[in-house]
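Trainee: Listed below, chain by chain, are the residues.
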Amino acid sequence: MRSKPKWLFPVLALVPVLGLYACLRVYPIAETLRLSLFKWNIISRRKPFVGLDNFVELMSDPLFLEAIFNTTVVAFGVLVITIPVGLALAALINGRQGLRRSGFYETSIFLPHVVSLVPAAMAWKWIFDARLGPLNAFIGWFGIPAQSWLFDPVLSIVCLIVLCSWQSIGYAVLIFLVGLKNVPEALYEAARLDGASPFQAFRYVAIPLLKPVMLYVSVITLISSYNIYAQAFVLASDVQGAPGHLVRVLVLDMLENSFRNYRVGYAAAEAVVLLVIVLVLTGAQFRLFRDRSRA
Amino acid sequence: MAFIATSVGTFGYPTPPRKKRLSLLSAARWLAVAVALPMLASPASAEKLTIWSGWPDLAPFYKRVGDQLKAKYPDLEISVEAIALREHEKRLALSLPSGAAGDVIEMEVEAARYLEAGLIPEPPASIVDFVKANYDMTRVKTATYDGKIYGVPLFQGQGALFYNTDMFAKAGLNSPPKTMAEYTAYAQKLVQRDASGAPTVSGWSLRLSGGGSGIAEKYWTILYNFGGTLLEEKGGKWRAAYANEAGRNALKQYLDNVVSYRTVSPEMKADAEAFELGQTAMFIRESWVIGDVAKKAPTLKYATAPLPKGTLMVPVDLYVPNKGPKSQIAWDFVQKANEPENLLWLLENTAWVPNRKGLDYSAILGKIPQLGAFVNTPADHVFFTVPAISPASEILTRLAARLEKAFTDKSLAGNDAAIDAFLKSAAEESDKILAREDLLAK
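Chains A and B supply the protein sequences, listed in that same order.
Letter by letter, the first sequence follows residues 1 to 295 of our numbering.
Letter by letter, the second sequence follows residues 1 to 442 of our numbering.
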């Protein structure tokens with residue numbers, strides 16, 4: 001009697017997971033790629049093939065170009081704030097491990113990440129309110145005139161970056177803390193014997209060892225920032241038409257094209273562009289971190 | 001005996017006793033019966049009718065209609081799913097093609113797409129006769145496709161001026177503005193400022209920001225009252241009609257108020273909220289504000305007035321998207337909703353204006369005089385609507401994105417040539433969208 005091949009069980013065990021992955025991940029991506037080559041209004045059976053026309057139109061669409069610019073500014077703004085601030089906060093918390101209230105600091109920094117997005121955005125909307133918001137009251141103490149945070153095209157992007165960073169820093173801190181706890185104590189000890197200050201030990205021992213963690217956090221932060229939607233929507237919306245300046249971001253533009261303008265093929269083309277941008281940036285980050293670690 | 005009780009296997013060997021398996025099977029059977037019992041207990045004739053609305057404030061109205069329909073269908077269960085309009089539009093787009101929509105649905109002009117795609121069945125002849133007998137056919141346009149009526153009008157959104165009578169009296173103004181030029185002159189008299197000259201109470205709250213097509217719709221209303229329109233029809237096709245003097249005057253009015261005279265600023269509270277808080281003296285809005293003020297600012301002293309020439313009117317129609325045994329109940333619901341008694345309740349309790357002809361509003365007007373500007377409009381007052389063409393929403397949304405920037409653009413203030421260039425570029429974009437859909441008039 002022939003024995004069953006050794007690979008059979010692992011393959012069979014993986015089949016359900018791979019099947020689910022194919023259905024829930026691969027198929028929608030493939031379908032989006034296919035749809036981007038068609039003109040389709042979501043309700044019609046007619047779905048003419050238009051080749052790359054949707055992509056050609058995108059390149060001269062001012063709303064799409066504005067959306068891609070805004071999204072990129074917000075994504076890199078969040079990245080630039082989240083990584084250093086998250087790392088610094090993680091280092092401070094790590095330095096207080098075992099002391100009183102260290103758990104409190106960890107929890108309070110992580111809390112924004114788990115708070116429901118819409119109420120959080122509503123709270124920030126109040127903070128940024130030009131007339132009644134505490135932010136303008138605060139800057140008023142320093143003689144700075146009140147700002148139209150949610151109405152000025154530039155300031156409204158800054159507000160969005162602040163809101164998204166506030167939410168993402170907690171997660172970054174948590175991951176950095178895990179990384180910092182895994183740095184062997186012996187390395188710090190050796191640095192100390194060599195005369196390194198605590199900051200030098202952190203800079204030259206911990207940070208190089210945290211590069212894989214930094215890569216992970218930066219990739220996750222960038223991808224999630226390119227996918228922002230609800231934050232921009234809530235900051236600019238109001239049931240009674242007393243809204244703010246709508247920061248047009250890519251996902252918002254896609255939704256508008258799909259369900260307001262009924263241009264699903266066109267929105268799919270936008271999704272493909274977003275996919276390419278995220279893939280390229282992720283690849284660039286991998287390359288950047290890998291090259292540096294080799295050097 | 002034990003041997004007899006044991007069954008014999010395929011090859012003559014006795015199989016193990018099935019006691020355990022049998023008990024599992026019987027447990028499963030009991031479980032199935034337990035699950036099925038509640039279903040068997042409910043009457044066989046029970047029906048559930050789902051109503052999909054894009055106006056949460058209409059939920060009590062539909063529940064009331066559903067309760068009345070129980071006289072005819074005692075076991076009828078009504079489920080009213082009223083959500084925000086934009087979300088409602090999304091669920092229609094996702095559910096109508098798959099036949100999974102509610103039993104009765106509301107639609108505005110976007111119905112044109114679904115009618116064109118054959119996703120809405122024709123109503124029974126009795127419903128068509130009902131519509132023809134009770135509605136002005138100009139208000140049934142959005143529910144008509146290829147000469148056939150598919151839906152029943154329920155109510156309409158239409159604009160009028162809301163003004164704070166205390167603020168008007170304080171500014172020495174005894175009557176509402178009658179021309180668009182007067183609107184700006186009034187706003188200058190009504191605005192209240194702080195020591196630095198910044199407006200604290202806007203003279204005229206204009207829609208200056210926010211996403212979606214609302215900005216363009218409000219601009220269209222002002223444009224119309226300057227003698228223009230956004231889109232004009234020629235031989236069944238359309239073209240942009242706002243790159244002209246009327247379009248320039250409408251945009252100049254925004255720029256005058258925001259940039260030149262600063263009677264309003266984008267960061268101020270706006271719209272109904274500002275009106276209810278006493279932070280604006282006047283604004284243009286639909287009749288629902290009356291119901292909102294009654295709830296949120298019941299002591300506010302205000303009046304309403306029709307706009308100088310006409311207003312954008314957005315009819316909301318009811319459709320039954322599914323064929324089948326329930327469709328008759330659904331059409332009964334639609335007809336019940338349109339009974340005069342219910343329509344008057346709708347007006348009195350939500351302030352939405354019914355579409356049906358021949359309703360006697362006198363008793364309600366005695367209680368809520370502000371409704372007069374909506375139901376007793378002058379004979380020459382024009383109601384125009386968004387054309388029932390598929391790219392209408394995209395045209396408005398894209399124009400809105402441009403207008404939002406233009407309203408605060410100081411380089412446009414007092415510069416007719418720059419305003420004309422802006423309007424020309426925007427109109428070209430509108431025409432491009434129409435051309436893409438083969439709807440551009442030559």
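Check before you lean on any hint, since a few could be wrong.
Claimed, not checked - Think about it this way: if two alpha-carbon atoms lie no more than 30 Å apart in a straight line, the pair counts; the simulated BS3-like pairs of lysine-lysine are:
| no. | chain 1 | residue 1 | chain 2 | residue 2 |
| --- | --- | --- | --- | --- |
| 1 | B | Lys-295 | A | Lys-39 |
| 2 | A | Lys-39 | B | Lys-141 |
| 3 | B | Lys-357 | B | Lys-252 |
| 4 | B | Lys-178 | B | Lys-90 |
| 5 | B | Lys-424 | B | Lys-309 |
| 6 | B | Lys-405 | B | Lys-48 |
| 7 | B | Lys-309 | B | Lys-336 |
| 8 | B | Lys-442 | B | Lys-252 |
| 9 | B | Lys-405 | B | Lys-189 |
| 10 | A | Lys-47 | B | Lys-323 |
| 11 | B | Lys-90 | B | Lys-189 |
| 12 | B | Lys-323 | B | Lys-357 |
| 13 | B | Lys-432 | B | Lys-178 |
| 14 | B | Lys-252 | A | Lys-39 |
| 15 | A | Lys-47 | B | Lys-296 |
| 16 | B | Lys-90 | A | Lys-39 |
| 17 | A | Lys-39 | B | Lys-148 |
| 18 | B | Lys-357 | B | Lys-336 |
| 19 | B | Lys-237 | B | Lys-309 |
| 20 | B | Lys-301 | B | Lys-367 |
| 21 | B | Lys-148 | A | Lys-47 |
| 22 | B | Lys-178 | A | Lys-47 |
| 23 | B | Lys-234 | B | Lys-424 |
| 24 | B | Lys-295 | B | Lys-234 |
| 25 | A | Lys-47 | B | Lys-90 |
| 26 | A | Lys-47 | B | Lys-405 |
| 27 | A | Lys-47 | B | Lys-237 |
| 28 | B | Lys-309 | B | Lys-141 |
| 29 | A | Lys-39 | B | Lys-424 |
| 30 | B | Lys-141 | A | Lys-47 |
| 31 | A | Lys-39 | B | Lys-301 |
| 32 | B | Lys-178 | B | Lys-357 |
| 33 | B | Lys-410 | B | Lys-432 |
| 34 | B | Lys-90 | B | Lys-148 |
| 35 | A | Lys-39 | B | Lys-178 |
Unchecked claim - Label-pair ranges, simulated between beta-carbon atoms:
| no. | chain 1 | residue 1 | chain 2 | residue 2 | range |
| --- | --- | --- | --- | --- | --- |
| 36 | B | Asp-438 | A | Leu-33 | 55 to 63 Å |
| 37 | B | Ser-425 | A | Leu-111 | 44 to 52 Å |
| 38 | B | Gly-99 | A | Ser-3 | 25 to 33 Å |
| 39 | B | Lys-424 | A | Ala-146 | 34 to 42 Å |
| 40 | B | Thr-50 | A | Ile-207 | 19 to 27 Å |
Simulated from the structure, these hints should not be mistaken for laboratory data.
We treat Cβ as the ideally placed atom computed from N, Cα and C, and that holds for glycine.
Trainee: Evaluate each hint against the coordinates.
Mentor: Going down the list of hints, with the structure as the test:
Restraint check: the Cα-Cα separation between Lys-295 of chain B and Lys-39 of chain A comes to about 46 Å, which exceeds 30 Å; the hinted pair is violated. Restraint check for Lys-39 of chain A and Lys-141 of chain B: the C-alpha separation of about 28 Å stays at or below 30 Å, so the hint holds. Taken as a hint, the Lys-357 of chain B and Lys-252 of chain B pair is broken in the structure, with Cα atoms around 38 Å apart against an allowance of 30 Å. Annotation: proposed proximity of Lys-178 of chain B to Lys-90 of chain B is violated, straight-line Cα distance about 39 Å (limit 30 Å).
About 25 Å separates the Cα atoms of Lys-424 of chain B and Lys-309 of chain B, which keeps this hinted pair within 30 Å; it holds. Between Lys-405 of chain B and Lys-48 of chain B, the direct Cα distance comes to roughly 48 Å. Violation of the 30 Å bound is thereby established for this hinted pair. Note on Lys-309 of chain B and Lys-336 of chain B: the hinted pairing is violated, with a Cα-Cα distance of about 34 Å set against a maximum of 30 Å. The hinted pair formed by Lys-442 of chain B and Lys-252 of chain B meets the criterion: a straight-line CA distance of about 28 Å does not exceed 30 Å.
At roughly 26 Å between alpha-carbon atoms, Lys-405 of chain B and Lys-189 of chain B fall within 30 Å of each other, so this suggested pair holds. For the suggested pair Lys-47 of chain A and Lys-323 of chain B, the alpha carbons sit about 26 Å apart, so the restraint of at most 30 Å is met. Our distance criterion of 30 Å between C-alpha atoms is broken by Lys-90 of chain B and Lys-189 of chain B, whose separation comes to about 43 Å. Of the pairs offered as hints, the one joining Lys-323 of chain B and Lys-357 of chain B holds, with about 29 Å between alpha carbons and a cut-off of 30 Å not exceeded.
Using a Cα cut-off of 30 Å, the hinted pair Lys-432 of chain B and Lys-178 of chain B is violated, with the two alpha carbons roughly 36 Å apart. Proposed proximity of Lys-252 of chain B and Lys-39 of chain A is contradicted: the alpha carbons are some 38 Å apart, above 30 Å. A C-alpha spacing of about 48 Å is found between Lys-47 of chain A and Lys-296 of chain B, which places the hinted pair above 30 Å, so the restraint is violated. Distance restraint check for Lys-90 of chain B and Lys-39 of chain A: the Cα-Cα separation of roughly 19 Å lies within the 30 Å cut-off, and the hinted pair is therefore satisfied.
For the given pair, Lys-39 of chain A sits about 28 Å from Lys-148 of chain B by alpha-carbon distance, which is consistent with the 30 Å threshold. Restraint check for Lys-357 of chain B and Lys-336 of chain B: the C-alpha separation of about 16 Å stays at or below 30 Å, so the hint holds. The straight-line distance between the Cα atoms of Lys-237 of chain B and Lys-309 of chain B is roughly 25 Å, inside the 30 Å bound, and the hint therefore holds. The suggested pairing of Lys-301 of chain B with Lys-367 of chain B holds, with an alpha-carbon distance near 14 Å, which does not exceed 30 Å.
The hinted pair formed by Lys-148 of chain B and Lys-47 of chain A meets the criterion: a straight-line CA distance of about 26 Å does not exceed 30 Å. The hinted pair formed by Lys-178 of chain B and Lys-47 of chain A fails the criterion: a straight-line CA distance of about 50 Å is larger than 30 Å. Restraint check for Lys-234 of chain B and Lys-424 of chain B: the C-alpha separation of about 19 Å stays at or below 30 Å, so the hint holds. Of the pairs offered as hints, the one joining Lys-295 of chain B and Lys-234 of chain B is violated, with about 45 Å between alpha carbons and a cut-off of 30 Å exceeded.
A threshold of 30 Å between alpha carbons decides the hint, and for Lys-47 of chain A with Lys-90 of chain B the separation of about 20 Å falls inside it, so the pair holds. Taking the CA atoms of Lys-47 of chain A and Lys-405 of chain B, the gap is about 35 Å. The hint is violated against a cut of 30 Å. Under the criterion of a C-alpha separation no larger than 30 Å, the hint pairing Lys-47 of chain A with Lys-237 of chain B is consistent with the structure, at around 23 Å. A hinted pair counts as satisfied when its Cα atoms are at most 30 Å apart, and Lys-309 of chain B with Lys-141 of chain B qualifies at roughly 21 Å.
A hinted pair counts as satisfied when its Cα atoms are at most 30 Å apart, and Lys-39 of chain A with Lys-424 of chain B qualifies at roughly 28 Å. A distance of roughly 28 Å separates the Cα atoms of Lys-141 of chain B and Lys-47 of chain A; the hinted pair therefore holds under the 30 Å criterion. With a C-alpha separation of about 53 Å, the suggested pair Lys-39 of chain A and Lys-301 of chain B falls outside the 30 Å cut-off, and the hint is violated. About 27 Å separates the Cα atoms of Lys-178 of chain B and Lys-357 of chain B, which keeps this hinted pair within 30 Å; it holds.
The hinted pair formed by Lys-410 of chain B and Lys-432 of chain B meets the criterion: a straight-line CA distance of about 28 Å does not exceed 30 Å. Between Lys-90 of chain B and Lys-148 of chain B the alpha-carbon distance is near 26 Å, which keeps this suggested pair within the 30 Å criterion. Note on Lys-39 of chain A and Lys-178 of chain B: the hinted pairing is violated, with a Cα-Cα distance of about 47 Å set against a maximum of 30 Å. Look at Asp-438 of chain B against Leu-33 of chain A: about 27 Å separates their beta carbons, and that is not inside 55 to 63 Å.
For the pair Ser-425 of chain B and Leu-111 of chain A, the supplied restraint of 44 to 52 Å holds, since their beta-carbon distance comes to about 47 Å. Between Gly-99 of chain B and Ser-3 of chain A, the C-beta spacing of about 53 Å breaks the proposed range 25 to 33 Å. The hinted window of 34 to 42 Å between Lys-424 of chain B and Ala-146 of chain A holds, with their beta carbons roughly 37 Å apart. Roughly 58 Å separates the CB atoms of Thr-50 of chain B and Ile-207 of chain A, a value that falls outside the hinted 19 to 27 Å.
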